[in-house]
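With the hints as extra help, turn the sequences into a complete structure.
Under my numbering, the first residue of the sequence shown carries the number 1, and numbering increases by one thereafter.
Just so you know, the hints here were simulated from the structure itself, not pulled from any lab data. Take these hints with a grain of salt, some might be off.
Stated by the list, open to error - EDC-like, lysine to aspartate or glutamate: derived pairs with alpha carbons at most 20 Å apart:
#1 Lys147 - Glu118
#2 Lys137 - Glu65
#3 Lys80 - Glu98
#4 Lys137 - Glu98
#5 Lys137 - Glu78
#6 Lys137 - Glu118
#7 Lys137 - Glu155
#8 Lys137 - Glu149
#9 Lys80 - Glu155
Stated by the list, open to error - DEER-style ranges, computed between Cβ atoms:
#10 Thr153 - Arg57: 41 to 51 Å
#11 Asp45 - Leu93: 33 to 43 Å
#12 Pro13 - Arg141: 46 to 56 Å
#13 Glu149 - Ala33: 20 to 30 Å
The C-beta atom is built at its ideal place from N, Cα and C for all residues, glycine as well.
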Amino acid sequence: MSSQHQQQQQHQPAPSPSALSTAHQTLFTAGLAQRRAVAGSSFVDAALSNGSSSFARPMQELVTEFCWGSVWTRPGLELKTRSLLNIAMLCALNRSTELAVHTRGALRNGASEVEIRETILQAAVYCGMPAGMEGFKVAERVLNEWKKEHNITGEVLGSEGKTQAETDDHYRDVGLEDRIHDDI
1 MSSQHQQQQQ HQPAPSPSAL STAHQTLFTA GLAQRRAVAG SSFVDAALSN GSSSFARPMQ
61 ELVTEFCWGS VWTRPGLELK TRSLLNIAML CALNRSTELA VHTRGALRNG ASEVEIRETI
121 LQAAVYCGMP AGMEGFKVAE RVLNEWKKEH NITGEVLGSE GKTQAETDDH YRDVGLEDRI
181 HDDI
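What follows is the structure in structure tokens.
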């Protein structure tokens, strides 16, 4: 940063409380809309209600403004990609509650069952099998709930509409039942 730019910044007055309030409200409003789109209104309403005490409310405001209003609304990554990244990170951190929320969000954002599975497999290799096993339990529970809610009998295809067979065209997953045979 140039010294001239630093001098200009030093002489600028701090934003007024009114301007800061407007900025916070703008981020909160954008974040609330994004949070509802990804996590669902019922989840968000419950989170805001549960976090409505004078002690907990600032955390809900921070999450809504910063996480959802500042980061999730940025250009550069599709919402599905952001969801899959969160699945990997939450799996690594072993945060089952948030992992369930973001697995459902990934489905809302067009992720397929295969993409969710592969994201957790990738995370498990780098963060450990116990985290991966827990991630699979959580994701499978959410997938089963999603299928029941949306009357889906097969696999969740996502926005591309591809089945596992189509995505595994160049790679055949050797299942447990295949591993007991000597001809592999």
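For each hint, the structure was consulted:
| no. | hint | verdict |
| --- | --- | --- |
| 1 | Lys147 - Glu118 | holds (19 Å) |
| 2 | Lys137 - Glu65 | violated (31 Å) |
| 3 | Lys80 - Glu98 | holds (16 Å) |
| 4 | Lys137 - Glu98 | holds (13 Å) |
| 5 | Lys137 - Glu78 | violated (26 Å) |
| 6 | Lys137 - Glu118 | holds (14 Å) |
| 7 | Lys137 - Glu155 | holds (16 Å) |
| 8 | Lys137 - Glu149 | holds (18 Å) |
| 9 | Lys80 - Glu155 | holds (18 Å) |
| 10 | Thr153 - Arg57: 41 to 51 Å | holds (42 Å) |
| 11 | Asp45 - Leu93: 33 to 43 Å | violated (25 Å) |
| 12 | Pro13 - Arg141: 46 to 56 Å | holds (53 Å) |
| 13 | Glu149 - Ala33: 20 to 30 Å | holds (22 Å) |
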